[in-house]
Every structure is written in C-alpha cells, then in structure tokens.
Amino acid sequence: MSGALVFAWSGVLLFGLGLFGFIAHRHLLRRLLAFNIMGSGSFLVLVGLAQDGRGVDPVPHAMVITGIVVAVASTALALVVFRRWYRASGRTDLPEDT
Amino acid sequence: MTWNALILFGVLATSLVASAVIFLLAESRHTTRSVFNLAAAVVKLLLVGWIVWGVYQNIDYEFRFTIIEGVDFILRADALGMMFVGLSSLLWLFTTIYAIGYLEKAPNRSRFFGFFSLCVASTVGIALAGNLFTFLLFYELLTLSTYPLVVHRGTRESLRAGQVYLYYTLGGGALLLFGVVALHVLVGDTEFVPGGVLSGLDPSLHPLLIGIFLMMIIGLGVKAALFPLHAWLPMAMVAPAPVSALLHAVAVVKAGAFGIARLVYDVYGIEFAFSLGLLGPLAVAASITIIYGSLRALAQDDLKKRLAFSTVSQVSYIILGISLFGPVGTLGGLVHLLHQGLMKITLFFCAGNYAETLGVHKISELDGAGQRMPATSVAFTLGAFGMIGIPPMAGFISKWYLGIGALEVGMNWVLGVLILSSLLNAAYFLPILYRIWFRRRERLWCEGKVLGRFETSGWLLLPTLATAAFALVAGVLAGMPFSPLYWADLIVSREYLP
Amino acid sequence: MSLRLVSAALLCVAVTVALAWAVLDRPLPEENLPDRVAAAMPESGVDHPVTAVLLNFRSYDTLLEIAVLLLAVVVALALREAQPDQPEAMGLDNPLLRAVMAWLLPLILIVAGFLLWAGSYQPGGAFQAGSVLAAAGVLLRLAGVTTAWLDNATLMRAGLALGLLTFLGVGLLVMIPGAPFLTYPLEYAGTLILVIELTLTLSIGLTLISLFRLTPPYADDPDEAREQAGKTP
Amino acid sequence: MPWLDLLLGLTLVVTAGLALAARDLFRAVVMFIVFGLLMALAWVRLHAPDIALAEAAIGAGLTGVLLLDTLGYLRRPFGSRVDKPGKHQ
Amino acid sequence: MIGLWSVPLLFALPLALGILSLLVTPAWRPRLIFVGLPLLTLASVDVLARLVLEGPRIYELGGWEAPLGINLVVDGLAVGMILMTTLVASLCALYARVYLRDYPASSSFFWPLLWLLWAGMNGIWLAEDIFNLYVGLEVMGLAAVGMVALRATPQALAAAMRYLLAALLGSLAYLLGVALLYATYGTLSMAGLQEAAAPNATTHVALALIILGLLLKTALFPLHAWLPPAHGGALTPVSALLSALVIKGSFYILMRIWLVLGPEVTPIFTAQLLGVLGAGAVFYGGWMAWRQHHLKQLVAYSTVAQIGYLFLFFPLVTGTGPEAARLAWDGTLMMLVAHALAKAALFLSAGNLILAVGSTQISHLVGISRFRPMSLFSFGLAGVSLMGLPPSGGFTGKWLLLHSAILSDQWWWLIVLFLGGLLSAAYIFKVFRMSFREGPQIDRSITPPLTLDVTALILASASILIGLTAHLPLFWLRLGSAFGAG
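Protein chains in written order, with my numbering: chain A, 108 to 205; chain B, 521 to 1018; chain C, 219 to 451; chain D, 5 to 93; chain E, 193 to 678.
Since the hints were made in silico from the structure, they are not lab data.
Values in this document were obtained by computation on a predicted structure and should not be read as measured data.
A couple of the hints might just be wrong.
Computed list of lysine to any residue pairs in SDA-like fashion (alpha-carbon distance at most 20 angstroms, straight line) [as the list claims (entries may be wrong)]: (1) E:Lys622 to E:His486; (2) B:Lys625 to B:Gly978; (3) B:Lys625 to B:Thr551; (4) E:Lys622 to E:Ser555; (5) E:Lys622 to B:Val684; (6) B:Lys882 to B:Gly978; (7) E:Lys622 to B:Gln683; (8) E:Lys622 to B:Glu677; (9) B:Lys625 to E:Pro565; (10) B:Lys625 to E:Arg562; (11) E:Lys622 to B:Arg676; (12) B:Lys625 to E:Phe563.
Incomplete in silico selection of chain D near chain C, CB under 8 angstroms [unchecked claim]: (13) Pro53; (14) Asp54; (15) Leu57; (16) Ala58; (17) Ala61.
C-beta: ideal position from N, C-alpha, C; glycine also.
Looking at chain A on its own, in the form it has when it is part of the complex (with noise of 0.2 angstroms):
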C-alpha cells in the first residue's frame, strides 16, 4: 500500500463520516462542517487515488485547489444565508416541512 493509498482510503472514510453528519445533524453549522469534511475526503480520493502507484500527478493538484476555493465560497455563501435566517426565524436548523 502506497502513501497516496493510504490518504485515499482516509479520504472515502472521511466521506462516509462527513455524510452521515451530514444526514444526521440539524444543526446548519454542523451541517457545513461535514460538507467541508467530505468536501476534504473526496479531495484525498481524487489526489491519493491518481498518484496511487504513479508519479506527482499537478493536474489534481490544480483541481483541488479550484475545489478549495469553491467549498470556501459555498461555505462563505451557506453562512450568509444561514445568519439571515437565524437572525430572521432564530432558528439554527431547517423546518421540518416534508
């Protein structure tokens, strides 16, 4: 088992355990947790897994940082939304209306 394996199975653990938090929180903070959490572990997939018995791969390198950025913005973005629906429900978690 390679180095580069070894990180792409944590990543497919971390993006289990990231889905069920996930799933399983209300709590829209905790929720962005696991999002970020799993947003780390498919990154770990896609690097580990492409270097796995290969060379330095740069293009997912470069794919990752786009996706760093993207969960940033998203996370950023989740939280702005979050903080006006807390200030105007002061609700931390969604209504259960399904």
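For this one, chain A is given, so just place chains B, C, D and E on it according to the hints.
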C-alpha cells in the same frame, strides 16, 4: 406552395385569424368584432364554395409541411371532408348572426366569440385533415376550444359540466392518441386513402388491429356521444344556446361521427373493416344508442335536454350508416350528417328563441307559444317533422336510404330499429308541437323585453328561419345537383369505386 | 434512534462500502496526463507545473472558479442590503495588537509578494498569496485599524472586479491574432500569467476579506448603516 | 507500509469524527480547524505543497475564521431591532 | 474568424456583464441588458449558423488539446441548449426589468446573479470536460441559490438554504464520481472517456455517484423536496429561470455522461430504475400539483412532474434498437425544450395573474378570465404544452416518446405518459376552472405592465410553435450526436 394549397389553408385561416383578432379586440368593441366575425364567415363560405366546385371537378387541393421526420401536417380537400367543411362554414355564419343577437349586452363576449371561431377552425381542420396526425391535432384543439364555451356562464353547474366534459374528452383523446401512434408504428404516416391503408398488413397483426380499432372508436365515440360515453352531452346543455346549437348539434358530435367515418373508410377501409368483423358490433352499438337516446329524450321536461338526448340518438344514425357494408347504407349515413345538422341547429335556435324571448326553458311551459311566436314555431315544427322522418323533410331521405341499405346487406333488424326510433321520435316531438300550437296559455308571458320589430330580435329570427328553410329544401330538392344527397352520392361513388 | 439517524447510517455505510469497492477494484489508467503536462511545460510560460495547469492548460476552470468566489460576495452584498445587520463595533481595539500589526503588516505583504512571485517556479501563486493578503486584512480589522480605502465601497468593488476583468480581458485580447480564447502567445505567456496572477491576488484577497465581513465595509459605521437601511424600503 | 501516512490518515479520520461528534459547537469548530491543518500536512505528504498552502490558508484558516465569526454571531444577544427572535415561520 | 469569437463570448460576455453590473449603481444594473441581450443573441445565432453551415466542432481553449487542456464541444445539442437559454433568459430578463421596479433596491442584485447564472449555464452546455462541468455546476448552482435568497424573507431564506444544501451535496457526489473516473481513466475529457470506458467496479460506482449527485440537483423524485419551496417561493422571473433552465443543466450533464460511457457501461437495470423514478415523479408531482392552493407552488410541483418525463430517456435509449433510441433522444429533447419554454411562460403568466389579483391563492382567481384574458391565454397555451395536447412542443415530444416506447416493446411507459397527461390536465384546468367562475365579483384588478404579458405570451407561443416546426430543431439537435445519421 401552390395557389390551391393557399386557398385550402385560407379556409382554415379565416376562422383562425378571426379568433386571434377577436381575442385582441377590447371587450367594448362590439361592432368591430361583429363585422369582422361576419366578414370572416362570409369569406370562408366563399372559399369553401370555390373548393367544392374544384373537388367536384377532381382538382387536388393539398397543403402540407413536415412536423417531424415521418409525420406531416396535411390538409387535403376530398368530397367527404368538404361535406363537413361546407356544413360547418354555413352554420358558422348563421350561428354567428344568432350569437350576436343572443349575447347582446352579455359579459365576456370577446372570450366567447374568440373561442367560438377557434372551435370552427378546429372543426374545419378535422374535416380537412389529410392524415390521422393532423386529425388528432385538431380533434384535441376542438376539446380545448369548446371547454371555455361550455363553462362560459361561470356558474357552479356549468363548471361541473365543463369538468365532466373534460374527463370524457381528454380521456378519449388520450386513447385516440395511442391508437394513432400504434398505427403510425405499424404503417408509418397514416394518410387518409379511400379503401384504407391497413389491408396489406400481415394477418398475425389482425388482433392488434382490432384492439386499436376498438380503442380509437372509444376515443371518437366520446365526442360522437356513443352510448355509454354520452353523459357529458346533456350536461353540456348549460352552455348558451348558440354553443349548444353549433357545437353540440354540429361541431363536436359530428367531429366524432366524422372521425369514425374516416377511420372506417379511409384508414381501415370498409371492406377490410368488414372482413375483420368490426362493422357488426359498431352497428349494434349505434342501434343501442339510437334507442337509448330516444327513450331518455322522452323523459326530459327541459327542452334543451330533450334536444340533447335526441342528438345522442340521431348522431348514431350516421354511425349506423357507416357500419352498414354497402353503398346505400353509407349514403344514408353520410347524408344524415348534413341533414341532422341542419335540422338540429334549427331546433336549438328555436329553443334559444323561446328561452330568450319568453323566458321558457321547460316543455310544460310552452303552451300557446305558437300564437306568440309563430315564425319560430313554424321553424321548430319543420325541424321536428324532419327528425321524425316525415316526407318530404330531409330526415325522411336519410332514414329511407338507411333502411334500404340495411335490407340490401341483409341486416333486417336495423329496419326495426329505425321504425322504433321514428315512433319514439314522434312520441317526444309531437307532444311539444301539440303544446305549442293547440294548447292555450293559462298565464301571461313573463316577458319584460321587446326584442325588435318581429316576434323576437331579428338577429335571432333570421338564422332560425334560414336553417329551417335549408332543412326543408334539402329534403324537397334532394335530387338537384349539389344537394346533400347528391354530394353524399358523389362521396359514395368515389369511396366504393377503388 | 430516529429514522433520520438510521437512514444516515445506512447511507453512510452503503456509500463507504461502494467507495471501498471502487478503490479496490480500480484498474490503472492508460492515459498519462502528467507526462503530457511535463511535455507541454516549455510552452506554458511558467516553470511550476501546478501553476501551468491552473493558469494556462486549465485556465478556464480558474476563470469560472473566480466567478464562484465573486458569486458568494454578490449574495452577501444582496442580503446585507436587503436586511441590514445591526451595526456592531468591530475589532478588539487592543493597543498591543495594533502595535504588533504595524510591524507585522509589511512582513505579511512581503510574504504575499513572495508567494505570488514564487508561484511561477515553485509552490505558491495567486490563491495562496491572495489568502495571505486576506489574512492581513482580517488582522487589520481585528486590530481595529480603520483603513479608509477599505471602507470605500466603490474602490472595494473595483478591486473585486479587477482580477476577473483582467483575466477576461487577456483571454479576449489574445484572440485578436486569431487564436482561441485564453491562448497566450509563447513569448508573452509568462508576463501575461504574471499580470493575471497579480490582479487575481488582489481580487482574491479583497474577496476573501469581504467574505469574512460578509458585507461591504461601509455598513460598519452606524450612521452609514442606518442610511443604507433607510434606502431600502 | 508507510506508517507515518497511516498514522496521519487515521488521525484525520479521528479528528473529523471529533469535529462532527463534539457536543459543544465551539469545540467542533476548533476540531475542524485542527482537521484542516492536519489536511495540510497530508497534502505535504502527498507531494502537493501548493494544496498544502491553500488548505492551510483557505481551507483551515479562512473557513475556520468564518465559522468562528458566525459562532460569535449566534452567541451575540440581539438588539431591539431584531424582529421577533425565535419566531418560527 | 467571427466563429472563433462567438463561442467564448457566450460565457465571457455574461461574466463581464456580471462584474460590470456589480460596479454600476443599482439604477443602471437593469439597463445593461440592452447591451447584453443583443450581443448574446447575435453570438448564439452565429454559433447556430456555423453549426448548420460548417458542422459540429471542438473548440480548444488556450489552444491545448483535450486531455491536457479544456475543450468545448459545439455540437447540435450544445447549440440547441444555448439558443434555448438565450431565448428564455432574454425574455425573463425583459420581464424582470419591469417586474423588479416594485421591489427594494437590493433586488437589483438579481442582475449580477443573472449574468453569472447565464455564464454558468452556457459553460455547462459547451463543456466537454467533466471537471469543468463541476465548476460550471457550481457557478450555476450558487447563482441560483443566490437568486432564491434574494427576497430575504424567512421563507425565501429557508428555501435557499435547503436548495444550497442539496446543491452542495449533489456537487460533492458528482466531484467524487469525477475523481474516481480520473483515477481510472487518467483523463477528464469526454472524448477520452468515451474511448476508454470499460465496465468495471470503479466506473460503476463513479456512475452511481454522478447519477445520485445530478438527480439531487435535478430534483428527481424522491429527491425533489427542495424544489417546490425554492421555485415556488422565489421572485417570479427567478422561478421561471430556475424551473425552465437551471434544472436542465444537471439533467443535460447526466444525459451526456450516460451517452459518453456508452451501452457497455450503463446498466439496463439502472436505466429502468431511472425510468421508474421518472414515473414516480410524474405521478407524485402531478398529484401534489393538483393539491396545491398556492398558484406558484402548483407550477413548481408541475416542474417536479415534468422532470419525470425527461428521465424516460434512459430506459428508452439503453439497450433498445437504433430507431427507438433516436426517437427517445428526439422526444426527450423536444420535451426538454418545450418544458423550458412552457414552464417559463407558465411562471411568468402566473406571476402576472398574482400581480393582477394581489394574491397567490388559486381560489382568489375567481372570474379573472374577464379581466386578464391575455395572462390567462399565455397560461393556457403553456398549459397545452405541459398537458401534451396538440399542437405543441409537449405533444410532439410525447408523440416521439410514445413511438419509441412502442418500438422498444416497453408498453409500461405508455401508461406513464397516458396518466401523466391526464394528471397535468387536472391541475392546469384547476386554475382555469377558477378563472371562469363567476363568483363574488372582483370589479377591479390591477393591470400589470404590458411587457409582462407580452414576454409571457411570446414564450407560450414559442412552446406551441416549436411543436409545429419540430422537424428543423430536432435535425439541428442531432448534429454531431450519435444519432446524427438517422
């Protein structure tokens, strides 16, 4: 695009354009709207006359463009189609005149006349459709454009009627769609060809073809008010009189009957349909509807309801004629398409006149109406005689040929049906006539309005008398060129020749 | 144990197992993209492969990614204006921190500059430099230093827009000789990338600062905030 | 078997678990920031120093600050201008 | 030479306008459409002209060939979607310019969001690179979320939050799928994947993740819960844009990837499953739409239902004969375009009706047909297309799908199309019924500006006309696809 194609498209376009313009006109522009509407109707009638002459001389009129690969939009003028076009354009003119008078001072006229013209456009489209796809297109358009007319009054009752109407027609339309798609898969674009296009198919497909036929007959039978798919028709009588007159005596129910004619003659082919054993059951269904409709009519006190059940019964004469495997029966059925239209619209006009002028809707209140409104009552009498089939009225001609046609193919029981239904017709029409002419009015008419110089508004009276005259002339002068009988004969000769 | 937890657990296990299967069963690819990158490096105008991928080979991705960042700011601006926040005193107003900042700031700027410049031949680049800039901005705010230029909404927005506009402008400019979008001519590639990176650094830094504040800076001043609130009926 | 990588990977998963399971929200966010820094280490191990820089600065740093800031927002008492706090739609 | 320009302009121009509209004052933001719309229309038409005259092509961004650089694919499908976007978004923009006048100044942030959304969508239509699609999805998705949140009411914020969570989860699943595909094939280019794709566990898991992620973004039943509040609660032009275009973005990607991976990789079971979910959407969405009391919620649930039809594509195209597959392709695209036009028209005219009566309740529409015939007429035309009645794009699409289902001996989809049509008739006529009712009279209704009615009418008429002239657009859409020869 040839000149002929343009003329043909013009027949459709006159009412389409009229509809669009009327929708765009402001509600208050009554005069402009009426003038435009009448002008469109007259132009259409002239174009139709032109094409009828051309079809008589075997000129080809065709308008087509491709919609998707393998599916064309086709308009084509043939003898059968032109018969229906002629009927609807003639009656459109009269009904428009009638409706202008009938709806004077009523709200929502822009909407009414707009959809009314759209209905006529759909009817003309149905008649001119050159393949099943185009037919289906206009058939559904007819459903959509009649719904606003049915619910026009906006009362709870009319909304309910509209809903029932939709249940039936949309369901029927969906079945028809499946039939059309299935036939399309089997034989490609199903153009209407005398003698049909299916007889060459592999015998193993015959059960499938029977199934498709059944499905499509149900789809078409809904509009033709074939028992037991008729329930929407009497309910739809809540619509204003001109709607009942044109749409439920002519456009909608005839569209169903006409569709059955197309299906039997030009898609399956009468011989092929006969060999599949489809015609017998169709004749039985038509006969049941004839008797059933008459029986139900007998029990109605509401004049329009009685006329509606009478329509249920009479439209099936056409279907009966179609299902008789022989030229004479066909002749009877087709000629009845015209005759019944003329007679029934007269009756509905009269019913509207009584309701509008005297405020009378029930038969039991018609006592002495003949003295108060002689001209309308004469028209009503002519129409009723025609329905019963008293010579020399138009209805007699139809029944005569139907009877002979039935005897010719050995279906003697049909004769019994005809006689029974005529008796029933007499049973539900004669009492009305008796009340109109021979009973005295006990109370005063509760009329508050004076509608013009005549017994009622001229707008209402003129079309009534005109259609009554047409119904009379069609019977008396049946032997003349271009009479309904003559034209039906032309169709039959072309249909049975190949 | 609620239904939600059970379903979350089930889904989590299912996805993890499927992923594990996918990782175990993975065949090695035939295509070798790193080799292609290495082969194309001389034509890229920079020496660092990741920078080459980010700003040349796959620069279109980066362009759209900046758009994503900008989007977050737009939404923050929109919501801030729609529902002005309570004016709040920002900053710790700590004299020590302020003193430290005075020393730290030049250092941070130097680091950012180094990261940006280094990006062309070793790890570093616009994003890293931009985030360092942002860190400087955040620290300034925490220290309670009022920076007039940061409070100027127009200037701020111009700064936000600069990077993306330059990127787009360069992309379109190079099309004049007839090349596809974003095709840098070889002799100018290095310069153009540096220009783009420079402006991107500035924009990314400003974007991240505004994201941190979730607002344009003007709403910090209570009077101005009230005025803003008054403008939005 | 690269023990160091294995250990780092395991720590990552554990930290993430702690961040998700922490009862206290503040602790969760702090654990998340720690997680981000460990991620940066992982990127270094994966020979991806660019990502490591980005992760440390943006992933852990900025996201962490954003989360902490929001946390402060949640704990801040609302003034009178807030319309009916606690109102559920 | 111009052809080289118009392709990048399709996304560069909206991006630039997005930034510019952020820089100018709120009053100037709407006015940028007078620059943007003509130019974008010109670029779209130019792309179409070039497609028809010169055939499909690949556009190499930065001059780098596919696996190394990012390519754009300018084939019939992409160009068709671009034209659809241009038409719908332009009319929505014209509508919004008038509509938003009554809203607070903060709603002028609609404009930068619109341009960025547009850029994201055009990016998606043109993308040939699966990671680029991810970034495009994010641009489109976040812009859409921002638009939903624009109203800033508690309901809008909750809807936006829900939508955002769904979108984020969907993107991550998609991204992980991309990661697996890259690890397996070493390429992100669709052309490369098409060549290399082989049935193995990793590919199947990747496909499953991509499907799940995109289903969530497309809001296919039972993953639709976020859609009705987001689409039904947003500002009217936003609802129209989201329902007509945005959900199509993720469906489009799924369709492309499905075809790229090819019949060897895409299992028939999954195809049938997607069809079953589509059927579920048709029934559930139709039923829920019929039960709504809120006009825009009804329209939003109608979107849930209509999405279902699109997913019949998968069972009809997988493992069936070439003729049935071609018909399925034609039918699905016809459905897609017709739904885009009709749903935009439906939302816009629903917005007009709501403006006219000042209430969102369907029961308050009593007698409205007398006062707002034109709004109702647009609603009706669009309704005809949604019900799949002739003559309309919806009908032509349904016809093609029926044809395909019969040809491939999958009669069970006929039932879906049959009942789905009747259900949609039920909810469309529910509105009509109310509008024809002559109840307690409302003597006055507010007359919305003419622009609002005209834009809705144009869209509604387009949804009808596209059905009558389907031949040509379908031919163009096939250019450069696997079905091009047919």
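We went through each hint and held it up to the structure:
no. : hint                 : verdict
1   : E:Lys622 to E:His486 : 12 angstroms, holds
2   : B:Lys625 to B:Gly978 : 16 angstroms, holds
3   : B:Lys625 to B:Thr551 : 12 angstroms, holds
4   : E:Lys622 to E:Ser555 : 10 angstroms, holds
5   : E:Lys622 to B:Val684 : 13 angstroms, holds
6   : B:Lys882 to B:Gly978 : 23 angstroms, violated
7   : E:Lys622 to B:Gln683 : 9 angstroms, holds
8   : E:Lys622 to B:Glu677 : 15 angstroms, holds
9   : B:Lys625 to E:Pro565 : 19 angstroms, holds
10  : B:Lys625 to E:Arg562 : 15 angstroms, holds
11  : E:Lys622 to B:Arg676 : 14 angstroms, holds
12  : B:Lys625 to E:Phe563 : 17 angstroms, holds
13  : Pro53                : 4 angstroms, holds
14  : Asp54                : 5 angstroms, holds
15  : Leu57                : 4 angstroms, holds
16  : Ala58                : 5 angstroms, holds
17  : Ala61                : 4 angstroms, holds
Of the hints listed earlier, the one the structure fails to meet is number 6.
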